[in-house]
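Undergrad: Line order of the protein sequences matches chains L and W. Position 308 of the first sequence, counting from 1, maps to 308 under this note's numbering, and the rest follow consecutively. Position 222 of the second sequence, counting from 1, maps to 222 under this note's numbering, and the rest follow consecutively.
Heads up, a few of these hints could be off.
According to the in silico footprint, chain W covers these stretches of chain L (three or more CB under 8 Å from chain W) [what the hints assert, rightly or not]: (1) 36-46; (2) 130-136; (3) 199-208; (4) 251-260; (5) 266-278; (6) 338-351; (7) 405-416.
To give an idea of the interface, some chain L residues facing chain W are shown, with a C-beta separation under 8 Å as derived from the structure [what the hints assert, rightly or not]: (8) Gly57; (9) Ala58; (10) Trp62; (11) Arg66; (12) Gly126; (13) Leu164; (14) Gly176; (15) Glu193; (16) Arg420.
Rather than coming from a laboratory, the hints here were simulated on the basis of the structure. For each residue, glycine too, the CB sits at the ideal point set by N, CA and C.
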Amino acid sequence: MSELRRPTSSPAVETQLVYAHGLAALITLLISVGFGVLASIELLVPDLAAGHGAWQGAWLSWGRLRYDHTQGIMLGWLGNAFFAFLYHAVPLLTGRSVTSARLGQWIFGLWNFAVVAPGWVLVLAGFSQPLEWAEFPLVIDAFVVLALVLAIVQFLPPFFSRGLEDLYVSSWYVIGALVFTLLAYPMGNVVPELVPGARGAAFSGLWIHDAIGLYVTPLAVAILYFVIPAATRRPIFSHFLSMLGFWLLFFLYPLNGTHHYIFSVIPMSAQIGAITASTLLGVDVVIVVANLLLSLRGAGWFPRDVALRFVSTGAVFYLIVSIQGSVQAQMSVNQSVHFSDWVIGHSHLAMLGFASFSAAGGLIHAWQRIPWARYNPRMLNWSYWFLFAGVIIMVTDLTIAGLVEAHVWQTAQPWLESVRAARPYWLIRTLSVVPIGAGFILLLIGITTGDRGGGLGAVKASIGLEPIEEIAPVFSEPL
Amino acid sequence: MKRLLRMSYLVAGVAGLGFFAMSVLLLAVWPGRVLEQQIRGTSPDHPLRLTASEERGRTVYGRAIHAYCHTQQIRYLPNDVARFGAATLAWETIFDYPQLWGTRRIGPDLSREGAVRSADWQLSHLYAPRALVADSVMPPFPWLFDGAPDRPRQEGQDLLAYLETLGRNRALAGPEGETRARATCNCSDEEKQFAFGPVLNASPAMARRQGDYSKLSESGDLNRGRELYSHNCAGCHGTRGEGDGPGAAGLRPRPENLSDHDYTLDRLSFSLWNGSAGTAMPAWRDLPVQDLSALAQVVRGFHAAQPEPTLPQDVLDLGSRVYAAHCAQCHGENGAGDGSAAGQFPIAPTNFRMQRPSLAASLRAVRNGVEGTPMAPWTSQLSEAELSAAAYYVRGFFQGGNQ
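In isolation and in its complexed conformation, chain W is listed as follows:
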């Protein structure tokens, strides 16, 4: 009897170990096999591995910094997909030793952060987050830099390199990869809907070269606009719109001096909806139209209208000739920023029909170029008279008011 009892405890002990083994088999080993199979079917043939620098950046990311504030896992849920893009597929994480899925989102999910922000923005943000994003609670990481946001140390460069890989493989897989994954992924229709949604990267901050924008209204709640401006814009564009906010120092090109330009409402709407591709200006299309209208009111208020000089005809003629010879390739015959070469640049040339620089700003641009953009200085090729004439001339394209 006693022997039997002893045996029963042995059986119980084995059963206990069995419970544990069963949990590992059911919840880790078996799902692992399913995932492996899915990865084999859905992965592109040659997903990019991380370079040595990106790998080091990943270590910086995980060890010290991001792992508990940001997730890297877009769930199969409408809200996640709407905010961040297509749900994470298993193969996207195959180089993650260890995984960085995370279980808390103080900041947003970063699975597809790679193409969202410009490098100068990322560095400036790491250096001093609140300079760019008022009220952010992200800690600053000045020790990744040599005293300035545009002087990252090796670790800072590595981290930036890593951030730019986030979502890269999925984007590189392209439509062919998506089609193939959709066909071979052994998942339900609902899962497919989330994993292969219409937008791979839904980050509202992502800048688009072209895109829809809505009509803004001429009137807007100025107080609401000021609040939005100070929350979201003043960091870079400065409290008076002069492009001198605390976040401006590390950005190339510099944030636009809003007080130096007349804008049409459509111009502002376009930038707010699409951001400015190739620059640090993110898109704000997730704000409601009333808010964007209110913001536009504030932005247009920065510019003090001045009486326009009337120019003698010969200056205008000279300006027109210079413009046609040197500027129209990019800025377009009619100043709409649609010249034949415009499409080749990462940053779109200024559309003078929708935006009029002050004379001073215009002269500065032709003389010095605009740092960080394809706009070069023209002093070596044009005489002072030609420069001034062109600077005057481009201001004539402006189609003030809402088109």
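Bound conformation, chain L alone:
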């Protein structure tokens, strides 16, 4: 084995870019939540968008709001939050700066002003693509791909110039996410426009899962693996389990796609393969999360450091949502809950529970370490509790709603009975925005008010401050 590589000096973190992406993340998040709330209200008051003018109300139609909601969460909120985390973490993981701050400004501009903002506007104006997690129109996809290429140029060279020996597991996840997202994105967004019907659906199924499995999950897990040792200042429980989890994840995740189309005309052997992979994936996530939670020992069940608390809760949500995923991919479960609100509950547990908690934790962790950024620990603490309550309410509610709908569908009752039965649950779902919205607003307040440099003080108060360069060795231990 080669000798440990410890960075000798503290590498430059582009704090301006962390800050810019962090703010953009929260602003796009609040807008995306707004789209989601409007869409959920329209299920209760469907005539909300009933304008009678030439186009009046068309932009408010349910479909468009939902398209903007999911794309905004995936690209606006999580995309920006991941970028903020990468600007903080890549220099610490590699001991080298990212390629260029100027390039960073370009990526920031592209991502927010050539992808998210125009994407939203085009969808509202009626230009979209009816493919899940790929709703922005094709012209936007070109800019996404460009931005992803630039992100690779920005973040991967530090890893390669450092050398790939003894890379900490977060680095692997980052490399994997950036490379595979670039590969998977065009497959989900462009191929179904060229390959019709059932054959195209096979590609769509892959992308629906790859969007989560190769973009959101690896970056969120990279955050978990980064923040937990950095905030507790203990190395990860087992580097072997880290790597086992990583390789299993990248082997199994892409093979899950077809589980979105069980009992379809897609060949049964492909469906069964995907179901098997989904089952094994649950096992893999048990390994990953066990490793993460075991690394938390000593930090307490409810760590005082709010970033660490967000992250460890995210890890628990990851475990729950993955086991749920394995269960609902089984034919006996899938045949009744598929198409119902159960799945919407599942996706919110994944995106709002696992991914958003991890991203928020990563963002706060990076924020604490920007010496000039404002930081308001009380607000962030409240943010955590509101979000936690909101997720629990919403996911429980939608899961029950899904079971109720599935039950009605099994009977001979008219279709509309399932809609009537779901109504009260939809009301609760809409109300769950109160804690969720409050939580996210408090998160924004938490990082824009308070003392400048207050984050460092808060860290000191909770576990004692580590100088930034001292974190790096935690990531540099051999396998």
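Given the structure of chain L, go ahead and fit chain W onto it with the hints provided.
TA: Below, chain W alone, put in the same frame as chain L:
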């Protein structure tokens, strides 16, 4: 040693890319080839492509509106097949760029929506869904219209045209197509059972010209009936059954004025089970018989019985002559709606033995015709005396009570 390590990471990187490539090969490319083969074997020789208008309608459907509330994929499952019809075959989607399978069903699956509802119903429903379907959560799409459900703009017409293509190719393939697909489809017996079930389109709302109906009972839970009526019927037929519900405006023919007619139970049962082909009246055969009986109670309650005038014999004779000369071809010699020409019309002629219009309604029909049906006005061909006599006469066919 260091070189070797470096190599091992290169190998790992290649392996990683290999995982991704493998997933695409196993779950997309290979299934694609299997599907392609299946499509070649099972597809009819010349499936209809979408016209320019239908294609535009598909864009409207996908971009703004339906894609996340409705699926277009009937799964190989008993419940799906029972509710929506034969499971979707691969070739049915070959013109879908991109696919619209969907992963959420807030509303029902639309794979075979084409033949289910009448065009006027579809337009009225798009214009103001809750006018027709109380408690629906579908958003309205008034911007597809010029201020009224019967005045769709181009986009509205396109969307309607597209909706009418859903399931069309499979229906056009006919029994020959089904037989051929069944023989060549490389699928298990279980899959065949779902893909080639006895009913291609199982939508319970689909109107049938002829069909079974069950005997309803004279008594029914009136409260349950009122609830069902207000949920399912009042939108078109109005709260008092006068055919003036909020959904009525865009429908041709207009919803029937239930308070204007005496019905036998069998007549109501027939309509509830089969809908009225050629009109917006859907079938309700998925409701249990007790519910249908309860509904029938409510519907019959709308009509206030009035003392029947006794007519002089010469009026009856005149009526009988006029009827035989002008009405019997469609309505049948005995008023059973089974005249020699009846089968040629999309909408069945009224069966007077099972349904008796009030005198006013009867006179209105012979004088003005019934808009949206083959019933024409007769004022240019018959004198006022003849019109009245015929209007009186048809009321005599009624076989009140349950037959």
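Undergrad: Tell me, in ascending order, the numbers of any earlier hints that this structure violates.
TA: none
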